[in-house]
Amino acid sequence: MNPYSRQSLNEADIQAVLDVLKSDLLTQGEQTELFEQELASYLGAKFVLVFNSATSALFSAYRALNLGGTEVITSPLSFVATANMLLENQAIPVFCDIKIDGNIDENKIESLITPKTRAIVSVDYAGKSVEIDQIYKLAQAYDLALISDSSHSFGGQYQGRKIGTLADVTIFSFHALKPMTTGEGGALVTDSEEIYQKAKLIRSHGVVKKTLWNSDVAHSGFNFRLSEFASALGRSQLKRVDDFIAQREKIARFYDEVFFENPYFDFLPIPVHIKSSRHLYPIFLKQKYWCAKESIFASLLERGLGVQVHYKPIHLLSLYRSYVASPLYCAERFYHAELSIPCHQLMSLEDARKSAENILNLFNTL
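Mapping to numbering that gives the first Met the number 0: the sequence shown position 276 is 275, numbers consecutive.
Source of the hints: derived by calculation from the structure; they are not laboratory data.
Note that CB positions come from ideal geometry on N, CA and C, so glycine has one too.
Treat the hints with caution; some may be incorrect.
[Stated by the list, open to error] Pairs of lysine-lysine, DSS-like flavour, derived with a Cα cap of 25 Å:
1. K285 with K98
2. K238 with K45
3. K199 with K45
[Said to hold, decoys possible] So the derived label-pair ranges between C-beta atoms look like this:
4. F221 with Q36: 34 to 40 Å
5. E37 with K115: 35 to 41 Å
6. K287 with Q36: 42 to 48 Å
7. Q286 with N360: 34 to 40 Å
8. E293 with P262: 17 to 23 Å
9. E10 with A140: 50 to 56 Å
Using the sequences and the hints given, assemble the complete structure.
Shown next, in the form of structure tokens:
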């Protein structure tokens with residue numbers, strides 16, 4: 000089975016983890032601090048906090064921005080954590096429809112802004128940045144915070160600038176299926192010292208250390224810390240992340256050439272001003288194949304292709320149906336059409352050729 004994405008671990012990664020396991024500190028040691036410093040240097044950001052998941056980082060970002068009791072405009076096309084953490088902060092998600100690339104439609108955001116709106120949460124679908132400059136200008140015009148859920152796009156760029164430096168707060172995921180991994184894990188990136196300090200307290204019980212054993216707690220918090228061995232793995236992976244993304248790009252460009260103008264499905268073009276992390280390679284079935292999507296999915300699995308669907312729109316989930324004020328037609332059409340096919344750094348061009356051949360052969364039989 001060739002999965003749609005997977006991690007790449009080498010002996011250096013394994014040794015980095017083993018070294019920590021043999022050390023005195025498995026948590027709250029120097030590896031985490033060094034990982035944060037190296038991430039900040041890589042991204043060109045002032046402050047980075049690493050967390051035990053991107054979900055924890057999202058929660059902490061929302062809490063640090065005091066979004067409770069407000070409305071927050073976001074995309075319906077994301078992993079549910081983006082919206083779940085709004086609910087956990089007593090914020091109301093307001094879903095804005097998407098464009099054909101899966102990213103929030105920046106031209107539809109303004110019509111959803113009300114006096115209760117406090118923030119916009121964008122999502123970089125499949126590793127491709129949203130049109131962040133336009134969204135940021137809109138956020139500034141209405142005095143809104145902009146949080147970029149860039150869980151898919153670590154290592155990507157927009158207009159030659161690293162994703163992670165383009166919003167008030169950026170969230171990354173280091174889950175095992177992302178281009179670089181800490182197993183589970185995530186990061187919060189910001190240039191605001193105020194947001195950084197608040198999120199740092201939320202991450203670790205709200206504890207402020209004073210002298211020796213003495214400490215104080217002024218605000219509640221959680222244990223959202225990343226372990227030392229996960230941080231060590233992240234430090235090792237960070238050295239190769241650009242190579243990982245380059246290989247994913249090579250596979251994606253091969254697919255683009257092979258699938259060009261095929262009669263069965265479309266694929267996602269990447270404009271020249273965006274560098275995608277290529278976390279996903281989505282294809283979009285022509286409408287006449289929508290009804291056969293389940294059988295196509297099952298047949299591809301039988302052929303050894305670990306396909307997936309990203310995502311069932313959040314507003315279609317039972318918990319969120321009451322939050323939908325108007326139809327989100329583009330998101331629903333996107334869902335009917337989308338399949339993610341294998342694209343990751345452990346694939347060779349020969350693997351990609353076999354995958355493409357398998358996919359096209361299947362459609363030829365329909």
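Right, here's what the structure says about each hint:
{"no.": "1", "hint": "K285 with K98", "verdict": "holds, 16 Å"}
{"no.": "2", "hint": "K238 with K45", "verdict": "holds, 20 Å"}
{"no.": "3", "hint": "K199 with K45", "verdict": "holds, 14 Å"}
{"no.": "4", "hint": "F221 with Q36: 34 to 40 Å", "verdict": "violated, 23 Å"}
{"no.": "5", "hint": "E37 with K115: 35 to 41 Å", "verdict": "holds, 39 Å"}
{"no.": "6", "hint": "K287 with Q36: 42 to 48 Å", "verdict": "violated, 53 Å"}
{"no.": "7", "hint": "Q286 with N360: 34 to 40 Å", "verdict": "violated, 22 Å"}
{"no.": "8", "hint": "E293 with P262: 17 to 23 Å", "verdict": "holds, 21 Å"}
{"no.": "9", "hint": "E10 with A140: 50 to 56 Å", "verdict": "holds, 51 Å"}
The structure fails hints 4, 6, 7 (numbered hints given earlier, in ascending order).
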